[in-house]
Amino acid sequence: MAIPFVVIELDKPYNLRFGMGSQIQYEKLSKKTIPELGKEMQTGLSVTTLNTVLFVMLKKEIKDLTLEQVSDLVDEYADSIPYITEKVCEAINAAYEVSNPKNE
Numbered sequence: 001m002a003i004p005f006v007v008i009e010l011d012k013p014y015n016l017r018f019g020m021g022s023q024i025q026y027e028k029l030s031k032k033t034i035p036e037l038g039k040e041m042q043t044g045l046s047v048t049t050l051n052t053v054l055f056v057m058l059k060k061e062i063k064d065l066t067l068e069q070v071s072d073l074v075d076e077y078a079d080s081i082p083y084i085t086e087k088v089c090e091a092i093n094a095a096y097e098v099s100n101p102k103n104e
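In this note's numbering, the protein residues as written are 1 to 104.
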């Protein structure tokens, strides 16, 4: 089963998926580990972290995307920062959810 994605609405709908490639890119860019990201999610993501995580997930769909363009997309098209935070956290959590098939 593939890691699920979350749809985010900006200038158009995008699929956010926090797969292994995105996680590796995040760690390289931020110099933080995924467990550190998890801890930050519990207390509230910084704007820099939010931008970086959104960047690595959008990069799959927008190949020539830059970090600066991510903030422009958010500023121009997002309903609010809490909306972006919710979608990013939802995508991160989806990557780590464990499905338990029911034995009936």
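Mixed in with the good hints, there may be bad ones.
With a straight-line Cα cutoff of 30 Å, these simulated DSS-like cross-link-like pairs (lysine-lysine) come out [stated by the list, open to error]:
id	residue 1	residue 2
1	Lys63	Lys28
2	Lys87	Lys31
3	Lys28	Lys60
4	Lys60	Lys39
5	Lys31	Lys60
6	Lys28	Lys87
7	Lys39	Lys59
8	Lys60	Lys87
9	Lys60	Lys32
10	Lys28	Lys59
11	Lys28	Lys39
12	Lys31	Lys63
13	Lys31	Lys59
14	Lys87	Lys59
15	Lys59	Lys32
16	Lys59	Lys12
17	Lys12	Lys60
18	Lys63	Lys87
19	Lys87	Lys39
20	Lys87	Lys32
21	Lys12	Lys87
22	Lys63	Lys32
23	Lys28	Lys12
24	Lys63	Lys12
If you anchor each label on the Cβ, the simulated ranges turn out as follows [unchecked claim]:
id	residue 1	residue 2	range
25	Glu76	Asn15	16 to 24 Å
26	Lys39	Gly19	15 to 23 Å
27	Met41	Asp79	14 to 22 Å
28	Glu76	Tyr96	24 to 32 Å
29	Ile81	Asn15	30 to 38 Å
30	Glu36	Ile81	20 to 28 Å
31	Asp64	Gln42	28 to 36 Å
32	Val47	Met1	26 to 34 Å
33	Glu36	Pro4	30 to 38 Å
No lab work stands behind these hints, which were simulated from the structure alone.
The beta carbon of each residue, even a glycine, is placed where N, CA and C say it ideally should be.
Verification of the supplied hints:
1. Lys63 x Lys28: Holds - the C-alpha atoms of Lys28 and Lys63 are around 18 Å apart, at most 30 Å.
2. Lys87 x Lys31: holds (22 Å)
3. Lys28 x Lys60: holds (16 Å)
4. Lys60 x Lys39: holds (25 Å)
5. Lys31 x Lys60: holds (20 Å)
6. Lys28 x Lys87: holds (22 Å)
7. Lys39 x Lys59: With Cα atoms ~24 Å apart, Lys39 and Lys59 stay inside 30 Å; holds.
8. Lys60 x Lys87: With Cα atoms ~16 Å apart, Lys60 and Lys87 stay inside 30 Å; holds.
9. Lys60 x Lys32: Satisfied, since the Cα-Cα distance of roughly 21 Å is no more than 30 Å.
10. Lys28 x Lys59: holds (14 Å)
11. Lys28 x Lys39: Between Lys28 and Lys39 the Cα gap is close to 18 Å, so the pair holds against 30 Å.
12. Lys31 x Lys63: holds (22 Å)
13. Lys31 x Lys59: holds (18 Å)
14. Lys87 x Lys59: holds (16 Å)
15. Lys59 x Lys32: holds (19 Å)
16. Lys59 x Lys12: holds (15 Å)
17. Lys12 x Lys60: holds (15 Å)
18. Lys63 x Lys87: holds (20 Å)
19. Lys87 x Lys39: At roughly 17 Å apart (the allowed maximum being 30 Å), Lys39 and Lys87 satisfy the hint.
20. Lys87 x Lys32: holds (20 Å)
21. Lys12 x Lys87: It holds: about 14 Å lies between the C-alpha atoms, which stays within 30 Å.
22. Lys63 x Lys32: holds (23 Å)
23. Lys28 x Lys12: Between Lys28 and Lys12 the Cα gap is close to 28 Å, so the pair holds against 30 Å.
24. Lys63 x Lys12: holds (15 Å)
25. Glu76 x Asn15: 16 to 24 Å: holds (20 Å)
26. Lys39 x Gly19: 15 to 23 Å: holds (21 Å)
27. Met41 x Asp79: 14 to 22 Å: Holds, at about 20 Å.
28. Glu76 x Tyr96: 24 to 32 Å: 31 Å Cβ-Cβ, so the 24 to 32 Å window holds.
29. Ile81 x Asn15: 30 to 38 Å: violated (20 Å)
30. Glu36 x Ile81: 20 to 28 Å: holds (21 Å)
31. Asp64 x Gln42: 28 to 36 Å: Once the Cβ atoms are compared, 34 Å apart, the range 28 to 36 Å for Gln42 and Asp64 holds.
32. Val47 x Met1: 26 to 34 Å: Taking Cβ atoms as reference, Val47 and Met1 lie about 33 Å apart, which means the hint holds.
33. Glu36 x Pro4: 30 to 38 Å: Because 23 Å falls outside the window, the suggested range is violated.
This entry does not satisfy hints 29, 33, going by the numbered hints stated previously.
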